[in-house]
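Student: Which chain is which? The protein sequence lines are A and B, in order.
Going by the working numbering, the first sequence opens with residue 259, and the numbers climb by one from there.
Going by the working numbering, the second sequence opens with residue 15, and the numbers climb by one from there.
Derived from the structure by calculation, the hints contain no laboratory data.
It is possible that some hints are incorrect.
Claimed, not checked - Derived lysine-lysine pairs resembling DSSO-like cross-links, with alpha carbons at most 27 Å apart: (1) Lys-522/A / Lys-132/B; (2) Lys-163/B / Lys-270/B; (3) Lys-522/A / Lys-163/B; (4) Lys-522/A / Lys-447/A; (5) Lys-522/A / Lys-136/B; (6) Lys-136/B / Lys-244/B; (7) Lys-163/B / Lys-244/B; (8) Lys-270/B / Lys-105/B.
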Amino acid sequence: MWNRLLRLLFYTVVVGYACLTLGPFLWSTFTSLKATPDINQLWVPLSDLTFANYVNIVFSDQYPFARWFLNSIVVGLIVTVGNLVFNSMAGYALARIQFPGRTLLFMTILAVMMVPGQVILVPTYILLSNLNWIDSYAGLTVPFLVQSFGIFLMRQFFLSVPRELEEAAFLDGLSRWGTFWRIVMPLAKPALAAQTIFIFMGNWNSFMWPNLLTSSDAMYTLPVGLNTLYGEYDAFWNNILAGAMFMTIPVIIVFIIFQRQFIKGISTTGLK
Amino acid sequence: MATTTSPPKQQRQRSPKAGRGQKWTRDPMMGYLFTLPVIVSLSVFLIGPIIYAFYLSFQQFTFLNPDLSQFVGLDNYTRLLTDERFHTALKNTSFYSLGVVPVQVSLALLLALIVNSKIRGKTFFRVAYFLPTVTSTVAVSVMFLFLFKRDGLVNAFLSLLGVEGRSWMLDVDFALPSIMLMAVWTTVGQFMVIYLAGLQDIPADLYEAAEVDGAGPLRQFWHITLPLLKPTTFFIVVMSVIGTFQVFDQMYVISKGAGGPLDSTLTVVLYLYNVAFQDFEMGYASAIAFFLFAVILILTLIQRNFFGEETRM
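The shape of chain B in the complex, shown without the other chains:
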């Protein structure tokens, strides 16, 4: 793999700066060699599959019997319009996203402000707040199932307050909200750290100047911190929306793959997964995947508009 360059050119090239730079940077052969693994891997395992998925979304395709596949035009996409279960999944996912994103973003900012302030044991709190983020969603789901059980710890606390307990994760009305709570708990630490980095990038003299001008902490927050965090907020909102629309693991574990009770935890990705690998309707599943892609893309573009031009990534 190693190639040696011929040494004789050294002497000539050491002095003129322009020539040296060119020789050093222009090197097509090496450029291709260095990027070859990535080009191969991306083509075979990402770009190829994306194109094939797009093709599949216009086919009636069953993995079990590929010979019977046939072109059905937009049928898979129009089917989305009348598929009740898909509508339920989309409704659940939107509800989940609408509930989780705002809570997550504001809580992340609050926690970042806290661990960025002059508190005792700062490192301890940073670690404590961040810990849920590094834990597997499957382990977290199992832990929360246990905590939210009928005879679990949550109900024990609630009974102290006189609230009647229930099997939260098995309840049509409460299963999804319980998972939303869990989702905020698991992921907020990650966004907190991003906010923390954003806070530390704000020059301290801005605050000093504001203080000289007599602005209190609240006004400083409103006129300095929030506006300067706008790009960070944009990034976090986008990441949070993308993440919530792709939610799968928690629902899969908690409902044992089915999205129950009564489809109350059925999300778009969980439905896609079941359509593809239980019903083996892979063409239809691919149409669902592209629908998801379109939704995420549109939401991202809307947010970009909303947050203004300067937040271009």
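So that you can see chain A by itself, here it is in the shape it has in the complex:
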């Protein structure tokens, strides 16, 4: 009797919290499909729903929404590839190659991880504006091509991989560079997958930096664009939420596909 009651309580909590996490997405999706005259109606019959708002947003004359989407994709890809290559190279060197200054470099990387990003907000802005990189792809990508956390992650990963294979390849005459690309990187697939997800998502959702570094409509990334959409379009909630869902749904799809790796990636990086 008590056991059954406890089970019931347990499942109520489990399902209840799932409703709390999924509810806002479902409600926002629902609203984003309402026709404009129905915005203030809480409930409308499902047959009255329409994709007009999505079409409206994507092909709007007022807002280059498609361009924002493209900007987010381009910037995200460049930043992700840069991080994968550079963080891995450095992580590999820190784990495997001995050279004077290696410890100092590693300590520096650990130390700067402690400094909150807001400290460099002002100097970075001044630097980029002197380089004339404000409002450009260069400004949105170049400062973010390397991440200390990623270097740390890759170093830890390479330390845990047995070195015999690389050693053998190296002794068989493969160059250091060749060993790195053909032996080491393929071995690092799980760590690279975790990093890809982290960095791409982080970049896709990043708001403070792009908001600071862009000033023209055409250079906005999706979060910056969505913020202006809300700022100026206030009453058209169906359009605003269509915009919000437009930038959320791709992430949700990617997340569901890579869910296993994603959670594994978080758990391994979170604890190391």
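Following the hints, position chain B against chain A.
Tutor: Frame of chain A; chain B shown alone:
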């Protein structure tokens, strides 16, 4: 970029183990080449700016007119003592952190225990609980603004319970607590997963032994799970504190950059941002940034002390 090593050495080096290892690992040239991109990038975009920000924090500096900048010693730091708006921002941020961190940590543990137990549809619940974490803070802020509107869904539910609705995000007393609720909702999944990893690292035979000794689930939790999760908890508390003290996006979107109504959602970073890029007082903004750095550092050290030596990261 590719370099080839000379093959003749192969034969000699294959047998003696010690010599082989040394030749393989000591390679300064390659060490520097491999770390060059990182060294350049970190110097130009991180270490240089950190040093420059420190220098700026002793200057009266306006981006619009750099020639007029002058050394003002500790003025920017002493100004923090008397700046009312800064005090409001610090108070709001501390309140936010004090409210969010404990809820977040305990809820994350509870959810991790749930999705780690033998429930049906485990994967579904893991995904459902984690979903808010992957969503952009801007999209989430917009969604919650809509839900918490005067004629929104939250008020519709509350009216069923007889509670009078209000414009939550526009209310001086409720704007910040509403954002805190949203913050827990968005980030708890991430900490849940870290706890989940911690739970799975606990050897199962510990529980088996405890069961043989007659310990019930509650005692097992108290004497095995909690103590063994201590390092994880330390990590999560530190991450949560750091995150809450750096909060910016939600407040910026919801208050349209101003921290309103009546500064009730003004946080340290939002204030820093406005001081730097609206008032263009970049020296003062840098002092605020270093103050923030000091607060985070001190809180982290205190927690490390509190959680004991074994939780060194």
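Student: For each hint, tell me whether it holds in the structure or not.
Tutor: Evaluation of the provided hints:
no. : hint                  : result
1   : Lys-522/A / Lys-132/B : holds, 19 Å
2   : Lys-163/B / Lys-270/B : holds, 15 Å
3   : Lys-522/A / Lys-163/B : violated, 37 Å
4   : Lys-522/A / Lys-447/A : holds, 13 Å
5   : Lys-522/A / Lys-136/B : holds, 15 Å
6   : Lys-136/B / Lys-244/B : holds, 25 Å
7   : Lys-163/B / Lys-244/B : violated, 40 Å
8   : Lys-270/B / Lys-105/B : holds, 20 Å
Violated hints for the displayed structure, listed by number in ascending order: 3 and 7.
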